[in-house]
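Student: Spelled out from the first residue to the last, the chains are:
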Amino acid sequence: MIHKYKLNGFNIVLDVNSGGVHIVDELTYDLLDNVEPPFEDKCPAKVMEKLSKAYAPEDIESCYQEIVELYNDKILFSEDDYEKFAKASVASPIKAMCLNIAHDCQLRCKYCFASTGDFGKGRKLMSFETGKHAIDFLLENSGDRPNLELDFFGGEPLMNFRVVKQVVEYARSREKEYNKKFRFTITTNGLLLDDEKIDFINREMSNVVLSIDGRKEVNDYFRVLPNGAGCYDTILPKYKQLVAGRGDKEYYVRGTFTKKNLDFSNDVFALYDAGFDQISIEPVVGDSDEYALTEKELPAVFKEYEVLAKRILDNEKTGKKFNFFHFMLDLDQGPCAIKRLRGCGCGNDYVAITPDGDIFPCHQFVGIDEYKMGNIDDGTFNYEMKADFSKAHVYSKPECRKCWAKFYCSGGCNANNYQYMGDIRNAHKLSCQLEKKRLECAIMMKAVRIFGEQEQ
Amino acid sequence: MKHIQTINKANLKESAQKGGCGKCQASCQSACKTSCTVANQKCER
Numbered sequence: 001m002i003h004k005y006k007l008n009g010f011n012i013v014l015d016v017n018s019g020g021v022h023i024v025d026e027l028t029y030d031l032l033d034n035v036e037p038p039f040e041d042k043c044p045a046k047v048m049e050k051l052s053k054a055y056a057p058e059d060i061e062s063c064y065q066e067i068v069e070l071y072n073d074k075i076l077f078s079e080d081d082y083e084k085f086a087k088a089s090v091a092s093p094i095k096a097m098c099l100n101i102a103h104d105c106q107l108r109c110k111y112c113f114a115s116t117g118d119f120g121k122g123r124k125l126m127s128f129e130t131g132k133h134a135i136d137f138l139l140e141n142s143g144d145r146p147n148l149e150l151d152f153f154g155g156e157p158l159m160n161f162r163v164v165k166q167v168v169e170y171a172r173s174r175e176k177e178y179n180k181k182f183r184f185t186i187t188t189n190g191l192l193l194d195d196e197k198i199d200f201i202n203r204e205m206s207n208v209v210l211s212i213d214g215r216k217e218v219n220d221y222f223r224v225l226p227n228g229a230g231c232y233d234t235i236l237p238k239y240k241q242l243v244a245g246r247g248d249k250e251y252y253v254r255g256t257f258t259k260k261n262l263d264f265s266n267d268v269f270a271l272y273d274a275g276f277d278q279i280s281i282e283p284v285v286g287d288s289d290e291y292a293l294t295e296k297e298l299p300a301v302f303k304e305y306e307v308l309a310k311r312i313l314d315n316e317k318t319g320k321k322f323n324f325f326h327f328m329l330d331l332d333q334g335p336c337a338i339k340r341l342r343g344c345g346c347g348n349d350y351v352a353i354t355p356d357g358d359i360f361p362c363h364q365f366v367g368i369d370e371y372k373m374g375n376i377d378d379g380t381f382n383y384e385m386k387a388d389f390s391k392a393h394v395y396s397k398p399e400c401r402k403c404w405a406k407f408y409c410s411g412g413c414n415a416n417n418y419q420y421m422g423d424i425r426n427a428h429k430l431s432c433q434l435e436k437k438r439l440e441c442a443i444m445m446k447a448v449r450i451f452g453e454q455e456q
Numbered sequence: 001m002k003h004i005q006t007i008n009k010a011n012l013k014e015s016a017q018k019g020g021c022g023k024c025q026a027s028c029q030s031a032c033k034t035s036c037t038v039a040n041q042k043c044e045r
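Those sequence lines, one after another, are chains A and B.
For the first sequence, this note's numbering assigns the number 1 to the initial residue and increments by one for each residue that follows.
For the second sequence, this note's numbering assigns the number 1 to the initial residue and increments by one for each residue that follows.
Don't take every hint at face value.
Derived DSBU-like pairs: lysine-lysine, alpha-carbon spacing no greater than 30 Å straight-line [as the list claims (entries may be wrong)]:
| id | chain 1 | residue 1 | chain 2 | residue 2 |
| --- | --- | --- | --- | --- |
| 1 | B | K18 | A | K446 |
| 2 | B | K9 | A | K176 |
| 3 | A | K321 | B | K23 |
| 4 | B | K2 | A | K124 |
| 5 | A | K84 | B | K42 |
| 6 | A | K310 | B | K18 |
| 7 | B | K13 | A | K320 |
| 8 | B | K2 | A | K391 |
| 9 | B | K23 | A | K74 |
| 10 | A | K317 | B | K42 |
| 11 | B | K2 | A | K249 |
| 12 | B | K9 | A | K165 |
| 13 | B | K18 | A | K6 |
| 14 | B | K42 | A | K42 |
| 15 | B | K42 | A | K238 |
| 16 | B | K9 | A | K74 |
| 17 | A | K176 | B | K18 |
| 18 | B | K13 | A | K74 |
| 19 | B | K23 | A | K87 |
| 20 | B | K13 | A | K4 |
| 21 | A | K84 | B | K2 |
| 22 | A | K197 | B | K18 |
| 23 | A | K74 | B | K18 |
| 24 | B | K2 | A | K87 |
| 25 | B | K2 | A | K310 |
| 26 | B | K2 | A | K238 |
Simulated from the structure, these hints should not be mistaken for lab results.
All figures in this text were calculated on a predicted structure; none of them were measured in a lab.
Produce the complete structure using the sequences and hints provided.
Tutor: Right, here's the structure in full:
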């Protein structure tokens, strides 16, 4: 399977199964519409006749030979032989956990997927006892995985900072005994950040996600306190202080865009101009008429991703650089094909725990009773459901199977699939379209970095 | 080549042979908590 497209003056051909990316001339672009394996020694006469109206026969023949050579090198029209790895898969050890340490939040973000922090189930904080059980569960179920990931999430995790500290201390105290390394991360709205918390986060957390939506007016429209006031002026100095002390540890400022700010490249650059260089702005999740993205907004969103890609490239020309999370793509040293079959691993090697100790496949499933997998405090766990999630790979999802982007998004978000399409195996089309556009932009950006801008 | 330039190692197949160790980060644990992108994760083998 190949995927070819034109963007920013480049003709780009992705060989889906090898991951090969080829920049081709117009002739190759047209020829690829007319040929496919099995190949012959010479370009078929019919194809030659068709294309010779526009191209010289000797060029068509030499182009055909290049295509055949790449096919023989298994980097064009290469075979899809990964299904055996997907089928042979057994339920993995659990290595990552999202700890919803606080089902409460001080903000009333208009687009919140967690019902302003309580996931529709009442405002609660996790006890240390439950946090301890979660650590024990992870240690006991992580098999031979050396790195264990624990994300403090909410609601707003800093509303339960005392337990965050206790859980980190407890986990660290057990690392040696189990020969494991915990990697903690935290996602925060920033309101409660102070010197002590910033020091703790910068010492203990391998990654921190700082929520902010970009421009002040956008942030303060959506991310509001119960009295309606925006939070931008409160959080920005705290984020700057935290990032200044971060050293080489990871962080992201992370925002959400909705149909109210379809010019979201301005939000990305507002964050960059505010001094941040690790930036993520994501499309909103939800079905609010006022904010949710629909098919109608897609052309504008696609165009804006292109605008963003070009603005980032223009910025790089001036010798400056920042990372936009969703355009980050390593075409050589990215994740292995096995990882790409299943993506996030939710419900299989990744689970979320609520303040009550309930176990869900991930934070996006929290509150959906049908997907409650067990409870950390009473020791129950539905291994049957875990096995089902382990089988939710790109070959068991009908739309993914035939999609060119399957080894980049790896089957998409199972929670989105369930929430919008009724089944974890039914791809959520809108998310797919956005993901594909981001990938096309990210690959094009690689080409520009190698060849420079092309005339259009 | 005159018509086609390959810009990467195209080593996905090779990665399948030695892959699956599970040392790498779960994708949703980084900056994305709502939209899945896996190909930007690092191999940590």
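Student: Next pair to validate is K18/B with K446/A; report whether the Cα-Cα distance is within 30 Å.
Tutor: Satisfied, since the Cα-Cα distance of roughly 26 Å is no more than 30 Å.
Student: Hint check: K13/B vs K4/A, CA-CA at most 30 Å. Holds or violated?
Tutor: Given pair K13/B, K4/A holds - Cα atoms ~20 Å apart, limit 30 Å.
Student: Is the Cα-Cα distance between K2/B and K124/A 30 Å or less?
Tutor: Roughly 64 Å between the alpha carbons, so the hint for K2/B and K124/A is violated.
Student: Straight-line Cα separation of K74/A and K18/B no greater than 30 Å?
Tutor: With Cα atoms ~18 Å apart, K74/A and K18/B stay inside 30 Å; holds.
Student: Hinted pair, alpha-carbon criterion (30 Å max): K321/A, K23/B. Please report holds or violated.
Tutor: 29 Å, holds
Student: Is it true that the CA of K18/B sits at most 30 Å from the CA of K6/A?
Tutor: 34 Å, violated
Student: Are K310/A and K18/B close enough, with their CA atoms no more than 30 Å apart?
Tutor: 36 Å, violated
Student: Hint check: K23/B vs K74/A, CA-CA at most 30 Å. Holds or violated?
Tutor: 28 Å, holds
Student: Given the hinted pair K2/B and K238/A, is their alpha-carbon gap at most 30 Å?
Tutor: 54 Å, violated
Student: Does K87/A lie within 30 Å of K2/B when you go C-alpha to C-alpha?
Tutor: 41 Å, violated
Student: Do the alpha carbons of K9/B and K165/A lie within 30 Å of each other, as the hint requires?
Tutor: 44 Å, violated
Student: Take the C-alpha atoms of K42/B and K42/A, compute the straight-line distance between them, and say whether it is at most 30 Å.
Tutor: 42 Å, violated
Figure legend: structure checked against the earlier numbered hints; hints not met, in rising order: 2, 4, 6, 7, 8, 11, 12, 13, 14, 21, 22, 24, 26.
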